[in-house]
Amino acid sequence: MKLSLGEIADRFDLSLKGDPAIEISNLASIDQAVHGDLVFLFNSSHRKHLTDTKASAVVMREIDCTDCQIPYLISERPRLTWANVAKLFDPLPMQAATRHPSAIVSDQAIIGAGVSMGPHSVISAGAVIGDGSTIGAGSFVGEGSKIGEHCRVFPNVTLYHMVCLGDRVTIHSGAVIGADGFGFEPNKGAFVKIPQIRGVVIGDDVEIGAGTTIDRGALCDTVVEDGVKIDNQVQIGHATRIGGDTIISGCTAIAGSTRIGRNCWIGGAVGIIDNIEITDQVEVTAMSLVTQSITVRGRYSSGTGLMRGRDWKRNIAAFKRLSNLFKRVRKLESERGD
Amino acid sequence: MKLSLGEIADRFDLSLKGDPAIEISNLASIDQAVHGDLVFLFNSSHRKHLTDTKASAVVMREIDCTDCQIPYLISERPRLTWANVAKLFDPLPMQAATRHPSAIVSDQAIIGAGVSMGPHSVISAGAVIGDGSTIGAGSFVGEGSKIGEHCRVFPNVTLYHMVCLGDRVTIHSGAVIGADGFGFEPNKGAFVKIPQIRGVVIGDDVEIGAGTTIDRGALCDTVVEDGVKIDNQVQIGHATRIGGDTIISGCTAIAGSTRIGRNCWIGGAVGIIDNIEITDQVEVTAMSLVTQSITVRGRYSSGTGLMRGRDWKRNIAAFKRLSNLFKRVRKLESERGD
Amino acid sequence: MKLSLGEIADRFDLSLKGDPAIEISNLASIDQAVHGDLVFLFNSSHRKHLTDTKASAVVMREIDCTDCQIPYLISERPRLTWANVAKLFDPLPMQAATRHPSAIVSDQAIIGAGVSMGPHSVISAGAVIGDGSTIGAGSFVGEGSKIGEHCRVFPNVTLYHMVCLGDRVTIHSGAVIGADGFGFEPNKGAFVKIPQIRGVVIGDDVEIGAGTTIDRGALCDTVVEDGVKIDNQVQIGHATRIGGDTIISGCTAIAGSTRIGRNCWIGGAVGIIDNIEITDQVEVTAMSLVTQSITVRGRYSSGTGLMRGRDWKRNIAAFKRLSNLFKRVRKLESERGD
Numbered sequence: 058m059k060l061s062l063g064e065i066a067d068r069f070d071l072s073l074k075g076d077p078a079i080e081i082s083n084l085a086s087i088d089q090a091v092h093g094d095l096v097f098l099f100n101s102s103h104r105k106h107l108t109d110t111k112a113s114a115v116v117m118r119e120i121d122c123t124d125c126q127i128p129y130l131i132s133e134r135p136r137l138t139w140a141n142v143a144k145l146f147d148p149l150p151m152q153a154a155t156r157h158p159s160a161i162v163s164d165q166a167i168i169g170a171g172v173s174m175g176p177h178s179v180i181s182a183g184a185v186i187g188d189g190s191t192i193g194a195g196s197f198v199g200e201g202s203k204i205g206e207h208c209r210v211f212p213n214v215t216l217y218h219m220v221c222l223g224d225r226v227t228i229h230s231g232a233v234i235g236a237d238g239f240g241f242e243p244n245k246g247a248f249v250k251i252p253q254i255r256g257v258v259i260g261d262d263v264e265i266g267a268g269t270t271i272d273r274g275a276l277c278d279t280v281v282e283d284g285v286k287i288d289n290q291v292q293i294g295h296a297t298r299i300g301g302d303t304i305i306s307g308c309t310a311i312a313g314s315t316r317i318g319r320n321c322w323i324g325g326a327v328g329i330i331d332n333i334e335i336t337d338q339v340e341v342t343a344m345s346l347v348t349q350s351i352t353v354r355g356r357y358s359s360g361t362g363l364m365r366g367r368d369w370k371r372n373i374a375a376f377k378r379l380s381n382l383f384k385r386v387r388k389l390e391s392e393r394g395d
Numbered sequence: 058m059k060l061s062l063g064e065i066a067d068r069f070d071l072s073l074k075g076d077p078a079i080e081i082s083n084l085a086s087i088d089q090a091v092h093g094d095l096v097f098l099f100n101s102s103h104r105k106h107l108t109d110t111k112a113s114a115v116v117m118r119e120i121d122c123t124d125c126q127i128p129y130l131i132s133e134r135p136r137l138t139w140a141n142v143a144k145l146f147d148p149l150p151m152q153a154a155t156r157h158p159s160a161i162v163s164d165q166a167i168i169g170a171g172v173s174m175g176p177h178s179v180i181s182a183g184a185v186i187g188d189g190s191t192i193g194a195g196s197f198v199g200e201g202s203k204i205g206e207h208c209r210v211f212p213n214v215t216l217y218h219m220v221c222l223g224d225r226v227t228i229h230s231g232a233v234i235g236a237d238g239f240g241f242e243p244n245k246g247a248f249v250k251i252p253q254i255r256g257v258v259i260g261d262d263v264e265i266g267a268g269t270t271i272d273r274g275a276l277c278d279t280v281v282e283d284g285v286k287i288d289n290q291v292q293i294g295h296a297t298r299i300g301g302d303t304i305i306s307g308c309t310a311i312a313g314s315t316r317i318g319r320n321c322w323i324g325g326a327v328g329i330i331d332n333i334e335i336t337d338q339v340e341v342t343a344m345s346l347v348t349q350s351i352t353v354r355g356r357y358s359s360g361t362g363l364m365r366g367r368d369w370k371r372n373i374a375a376f377k378r379l380s381n382l383f384k385r386v387r388k389l390e391s392e393r394g395d
Numbered sequence: 058m059k060l061s062l063g064e065i066a067d068r069f070d071l072s073l074k075g076d077p078a079i080e081i082s083n084l085a086s087i088d089q090a091v092h093g094d095l096v097f098l099f100n101s102s103h104r105k106h107l108t109d110t111k112a113s114a115v116v117m118r119e120i121d122c123t124d125c126q127i128p129y130l131i132s133e134r135p136r137l138t139w140a141n142v143a144k145l146f147d148p149l150p151m152q153a154a155t156r157h158p159s160a161i162v163s164d165q166a167i168i169g170a171g172v173s174m175g176p177h178s179v180i181s182a183g184a185v186i187g188d189g190s191t192i193g194a195g196s197f198v199g200e201g202s203k204i205g206e207h208c209r210v211f212p213n214v215t216l217y218h219m220v221c222l223g224d225r226v227t228i229h230s231g232a233v234i235g236a237d238g239f240g241f242e243p244n245k246g247a248f249v250k251i252p253q254i255r256g257v258v259i260g261d262d263v264e265i266g267a268g269t270t271i272d273r274g275a276l277c278d279t280v281v282e283d284g285v286k287i288d289n290q291v292q293i294g295h296a297t298r299i300g301g302d303t304i305i306s307g308c309t310a311i312a313g314s315t316r317i318g319r320n321c322w323i324g325g326a327v328g329i330i331d332n333i334e335i336t337d338q339v340e341v342t343a344m345s346l347v348t349q350s351i352t353v354r355g356r357y358s359s360g361t362g363l364m365r366g367r368d369w370k371r372n373i374a375a376f377k378r379l380s381n382l383f384k385r386v387r388k389l390e391s392e393r394g395d
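First to last, the sequence lines map onto chains A, B and C. When we follow my numbering, the leftmost residue of the first sequence carries the number 58, and every step to the right adds one. When we follow my numbering, the leftmost residue of the second sequence carries the number 58, and every step to the right adds one. When we follow my numbering, the leftmost residue of the third sequence carries the number 58, and every step to the right adds one.
Take these hints with a grain of salt, some might be off.
It does not matter which identical chain is meant; a pair holds if it fits inside one copy or across any two.
In the DSSO-like style, the derived pairs of lysine-lysine whose C-alpha atoms are separated by at most 27 Å in a straight line are [to be verified]:
| # | residue 1 | residue 2 |
| --- | --- | --- |
| 1 | Lys-370 | Lys-74 |
| 2 | Lys-384 | Lys-370 |
| 3 | Lys-144 | Lys-286 |
| 4 | Lys-245 | Lys-144 |
| 5 | Lys-59 | Lys-250 |
| 6 | Lys-377 | Lys-388 |
| 7 | Lys-286 | Lys-377 |
| 8 | Lys-286 | Lys-203 |
| 9 | Lys-286 | Lys-250 |
| 10 | Lys-105 | Lys-384 |
| 11 | Lys-286 | Lys-245 |
| 12 | Lys-59 | Lys-144 |
| 13 | Lys-59 | Lys-74 |
| 14 | Lys-144 | Lys-250 |
| 15 | Lys-105 | Lys-74 |
| 16 | Lys-74 | Lys-377 |
No lab work stands behind these hints: they were computed from the structure.
Construct all of the structure, not just a fragment, from the sequences and the given hints.
Next up, the structure:
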């Protein structure tokens with residue numbers, strides 16, 4: 058794939074300074090670019106790298122253009138331009154809109170137009186696959202599950218029965234949607250399983266990362282609303298609801314029956330306990346543990362920060378006597394006559 | 058599936074107040090129920106929701122029945138009744154007790170009666186599958202592995218060689234049992250792999266969640282005793298032993314050669330280091346890190362709790378000087394003449 | 058597999074004290090050994106277990122041999138000897154160096170000599186598989202991906218397109234290499250996906266654990282250098298680089314565009330944020346969160362350590378007022394006239 062700088066400028070309506078015939082064959086980071094690469098300046102402080110870059114051109118804001126020695130395109134939103142231009146250079150293979158001979162497709166499934174079913178994929182009875190969707194190699198679609206239009210299910214994904222996806226949903230490999238929520242009731246020294254008889258409902262334009270698991274509900278569906286983006290290895294418990302356009306970074310664990318609001322930003326490796334409610338526009342920083350409902354929007358954190366091992370040992374020893382220290386200080390204060 | 062309220066009352070020997078002919082078609086949570094749903098009152102404080110519910114009937118304790126305006130069933134253990142009734146409404150598809158033509162089954166495997174082998178499943182040489190077990194689509198059973206009776210292995214599970222499951226074991230999709238434990242010995246600037254030549258032994262009535270990994274041992278087997286319930290994305294290291302009826306919530310990581318007792322309750326996203334021993338009936342709360350053996354039963358925790366971002370920053374800055382603060386207080390105390 | 062003690066001594070050039078005809082049929086831990094087992098004494102403090110062991114022989118350092126009542130082999134590095142001897146007893150099944158009839162192999166793929174392609178594996182167009190490599194059952198190799206020589210890809214692994222593995226790479230089941238990095242740009246109230254158009258490059262002699270995910274890059278490749286060992290359920294973000302011979306324990310999450318040095322030792326369940334740099338020979342202990350670059354080698358930690366639940370509650374309550382306590386102590390000190 059090659060495009061001239063002029064074509065790129067035209068297609069995205071960007072001002073060009075330089076030879077429009079310059080050929081662009083890939084995108085790159087400024088410090089690793091080679092001849093033929095287009096790079097992006099996201100931050101004025103990185104301008105210094107422009108003097109050394111081997112890139113053929115750069116996209117940047119007008120304010121950063123002064124003295125730029127290589128051809129450039131002006132964009133007031135270089136990251137957005139990046140997202141748009143990158144689509145043109147994406148080597149993601151399109152799959153043939155056919156059923157591979159090795160795919161096992163129930164004759165009680167309903168398959169839309171232009172659906173791709175990869176090698177060894179399995180589509181169970183009662184499943185519905187919307188127009189233009191792609192089911193990757195080795196992926197499994199359970200009984201009665203519904204996949205909307207223009208979804209992309211990558212290889213080796215598992216959708217249990219009664220899982221509903223909206224339109225334009227992307228699910229990466231290894232993800233498992235609709236496994237049983239974790240529910241057992243102790244009885245006579247053993248545990249009785251609580252059947253997880255409800256399903257999972259995923260909205261439109263949701264992306265689900267590799268190895269992520271979203272459990273089915275027991276008394277109500279687990280719901281992921283429109284526009285939610287979920288990174289790799291996230292766990293979402295049964296009957297939990299994730300509000301629209303919320304972002305969840307990798308390795309975060311969200312327990313059951315919790316409600317997370319809209320436009321939240323949940324960092325990586327966060328833990329969120331069950332049966333709580335988090336309002337809209339809450340940011341939780343990486344590896345924090347949320348143990349109670351959050352009713353006020355804003356940023357929340359937990360943890361101690363990183364220390365050298367020897368300092369940390371001293372400080373955690375102190376932490377174990379911390380409430381006692383408060384008492385000692387209070388005593389000192391009272392003796393002083395406060 | 059529809060059942061009359063009378064049939065449900067009879068089957069579980071519950072007192073019924075209301076019309077036994079009322080048809081129940083599903084279970085639901087009180088706040089989301091629609092006509093035809095049976096709901097459950099687990100907690101007296103939720104009685105207020107009963108006035109608004111659209112449910113057709115409710116299961117509750119006798120003590121909560123006063124003034125109930127909708128038909129009800131009396132159970133002194135609503136959660137246990139829930140578990141039992143839910144089985145009747147479970148849409149979990151039963152798989153045909155046959156070998157799908159696309160399954161690859163070694164002629165050196167021993168397959169019991171009534172075994173279901175799904176599309177594209179693979180049963181290797183020397184494997185043994187007990188009566189009534191189900192191997193899901195795309196699942197792999199390695200050489201010499203043994204699966205007991207009435208097990209359910211969901212699609213896309215991987216069992217390496219020499220993995221033994223007891224009876225009535227459930228394994229959810231994406232789980233991997235028997236991959237190599239993590240063992241390397243440094244030598245001349247590189248790492249020599251320590252072959253993981255032992256296996257994994259899983260007891261009866263164990264449930265293993267989606268994406269969970271349980272490694273094989275190097276010098277002895279990794280063992281999960283009877284009745285253990287493991288949630289999604291849990292990691293269990295080599296040669297570790299989990300005592301009977303212990304519960305492990307999602308995303309918990311347990312390192313190698315550690316022993317966990319019986320009837321423990323390990324919260325979500327907990328970390329437990331290698332080569333330690335945890336006694337019976339220990340509860341570890343979510344996201345705690347266990348760095349040494351626990352010999353006394355009870356509840357254990359670590360972490361700082363959640364704070365607003367600006368407060369947290371101040372407090373972790375203070376935490377880094379905490380052991381020093383103890384010294385300063387001790388000095389104040391001594392100067393005061395104590 | 059049985060070997061005489063004499064054969065083992067000869068093969069690894071170890072001094073033997075005892076009958077060379079003794080048959081060894083397996084390796085075991087000292088406390089669980091049965092007749093026929095060879096055990097290893099790694100630590101002098103475990104010598105007491107030797108009096109009770111049922112093992113047929115033991116490997117130990119010369120310094121530990123005094124009074125040993127069972128046959129022994131002398132090794133100055135028992136762990137290294139263990140790694141070497143264990144290879145002889147490894148029941149890991151070798152796969153036939155053939156293409157299983159159910160494998161789907163593109164005629165545009167290049168397959169080396171002696172390659173094993175398991176049942177239901179899929180090798181896409183443009184893929185290259187080096188001599189002697191094994192692709193497990195149900196594994197998927199994407200378009201244009203390259204696997205070096207003598208690699209072992211276990212069942213149900215997913216390699217997306219444009220993923221390059223060096224030689225002698227091992228990838229365990231459920232791992233996903235090359236899924237999209239997590240990148241979205243907000244625009245008009247929704248998120249625009251940033252296409253992840255670069256790939257993943259894995260060096261020689263790398264091991265990747267079960268369920269681990271390594272994302273592809275957007276502007277440059279994600280790189281794992283030679284000799285890196287990665288445990289289960291690790292997440293590595295896009296455009297991150299892991300330096301040679303670094304060890305990463307299970308369930309660790311490393312965000313995007315971060316650089317980790319050579320010979321680092323990253324504990325289990327660690328979190329490392331994006332866009333930072335960690336120098337060589339850094340050790341990060343289990344469940345720590347790294348929030349900024351580390352420029353000095355050594356050991357780093359975070360967290361509070363584990364406490365009994367009631368003590369913990371008191372201490373985290375105190376932690377929330379910690380910066381205020383510093384102020385109070387400072388006031389006491391100043392009043393005292395310091």
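For the identical chains here, do Lys-286 and Lys-203 meet the 27 Å Cα criterion within one copy, between copies, both, or neither? within (20 Å within a copy, 30 Å between copies)
Evaluate Lys-105 and Lys-74 at a C-alpha cut-off of 27 Å and name the case that applies: within, between, both or neither. Result: close within a single copy only, 19 Å intra versus 69 Å inter.
Reference check for the pair Lys-370 and Lys-74, CA-CA at most 27 Å: within, between, both, or neither? Result: close neither inside a copy nor across copies, 57 Å intra and 45 Å inter.
With 27 Å as the alpha-carbon cut-off, assign the pair Lys-286 and Lys-377 to within, between, both or neither. neither (39 Å within a copy, 32 Å between copies)
Between the shortest in-copy and the shortest cross-copy C-alpha distance, which are at most 27 Å for Lys-245 and Lys-144: within, between, both, or neither? Between. Shortest inter-copy distance 19 Å satisfies the 27 Å Cα cut-off; intra-copy 59 Å does not.
Copy assignment of Lys-377 with Lys-388, given that the CA separation must stay at most 27 Å: both (19 Å within a copy, 20 Å between copies)
At most 27 Å between C-alpha atoms: does Lys-286 with Lys-245 qualify within a copy, between copies, both, or neither? Close across copies (16 Å), not inside one copy (43 Å); limit 27 Å.
Are the CA atoms of Lys-59 and Lys-144 at most 27 Å apart within a copy, between copies, both, or neither? Only inside one copy: Lys-59 and Lys-144 sit 13 Å apart there, 50 Å across copies, limit 27 Å.
When no copy is specified for Lys-59 and Lys-74, does a C-alpha distance of 27 Å or less occur within a copy, between copies, both, or neither? within (19 Å within a copy, 71 Å between copies)
Regarding Lys-59 and Lys-250, is the shortest C-alpha distance of 27 Å or less found within a copy, between copies, in both, or in neither? Intra 57 Å, inter 21 Å, cutoff 27 Å: inter-copy only.
If the cutoff is 27 Å on CA atoms, where do Lys-286 and Lys-250 land: within, between, both or neither? Let me know, please. Only across copies: Lys-286 and Lys-250 sit 10 Å apart there, 31 Å inside one copy, limit 27 Å.
Could you place Lys-144 and Lys-286 in one of the four classes (within, between, both, neither) given a Cα distance threshold of 27 Å? within (18 Å within a copy, 34 Å between copies)
Hint compliance for this structure: hints 1, 7, 10 and 16 are not met, and every other hint is.
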